[in-house]
Amino acid sequence: MKPQEKLRKAVGGIIAILFIVSSIIIAYILIDFGLRTQQEQIETLRRTYEVRIKAINIAKAVEGIWNYRGVRLTISITNNYVEPVTITGIVILYEDGTYEVLKEDPLPYTLAPGETLEISKISAKEPVSVIFSAGTLEILTSLSAERE
Numbered sequence: 000m001k002p003q004e005k006l007r008k009a010v011g012g013i014i015a016i017l018f019i020v021s022s023i024i025i026a027y028i029l030i031d032f033g034l035r036t037q038q039e040q041i042e043t044l045r046r047t048y049e050v051r052i053k054a055i056n057i058a059k060a061v062e063g064i065w066n067y068r069g070v071r072l073t074i075s076i077t078n079n080y081v082e083p084v085t086i087t088g089i090v091i092l093y094e095d096g097t098y099e100v101l102k103e104d105p106l107p108y109t110l111a112p113g114e115t116l117e118i119s120k121i122s123a124k125e126p127v128s129v130i131f132s133a134g135t136l137e138i139l140t141s142l143s144a145e146r147e
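In numbering that gives the first Met the number 0, the protein residues as written are 0 to 147.
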């Protein structure tokens, strides 16, 4: 075999080795990227489910009751959740389709576990429903108060 042919085969062998090594590196990078992306998606889903579960637990634990006698509307909201819960707003729906939003004094109000917030107001119209928003730093959920 001529030295030129040997040199050509050696260069071809080196190029083949470089191609194989670069293919392995590219495959490793793609697999690593895919695994990292999948782990991030799993972590995002886990956090989403944690937030949903916490919102459901808050909805089960925070209790709202309202009654209307004469012209006085009384709304009582009790926090039975293990953490403090902030009441950020209350919406009162009336029979004629109008509504009133309570979002000022004393709201927003943070209820400690076991604490009850009582709001009393004069209302000429009889409410049909009372809805309030409650949450923690990371979660906000809306709840319907029951008529007493």
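It is worth saying that the hints were derived from the structure and are not from the lab.
Every residue, glycine too, gets a C-beta built ideally from N, C-alpha and C.
Some hints here could point you the wrong way.
Derived DEER-like restraints, expressed as beta-carbon distance ranges [claimed, not checked]: (1) Ser128 x Ile41: 38 to 44 Å; (2) Ile25 x Tyr108: 56 to 62 Å; (3) Gly12 x Thr47: 48 to 54 Å; (4) Tyr27 x Ile55: 41 to 47 Å; (5) Tyr108 x Leu34: 43 to 49 Å; (6) Ala111 x Ile55: 20 to 26 Å; (7) Arg46 x Ala123: 45 to 51 Å; (8) Tyr108 x Gln40: 19 to 25 Å; (9) Ser141 x Asp104: 17 to 23 Å; (10) Arg7 x Ile41: 29 to 35 Å.
Results of checking the hints against the structure:
no., hint, in the structure
1, Ser128 x Ile41: 38 to 44 Å, "holds, 40 Å"
2, Ile25 x Tyr108: 56 to 62 Å, "holds, 58 Å"
3, Gly12 x Thr47: 48 to 54 Å, "holds, 53 Å"
4, Tyr27 x Ile55: 41 to 47 Å, "holds, 42 Å"
5, Tyr108 x Leu34: 43 to 49 Å, "holds, 46 Å"
6, Ala111 x Ile55: 20 to 26 Å, "holds, 21 Å"
7, Arg46 x Ala123: 45 to 51 Å, "holds, 46 Å"
8, Tyr108 x Gln40: 19 to 25 Å, "violated, 38 Å"
9, Ser141 x Asp104: 17 to 23 Å, "holds, 21 Å"
10, Arg7 x Ile41: 29 to 35 Å, "violated, 51 Å"
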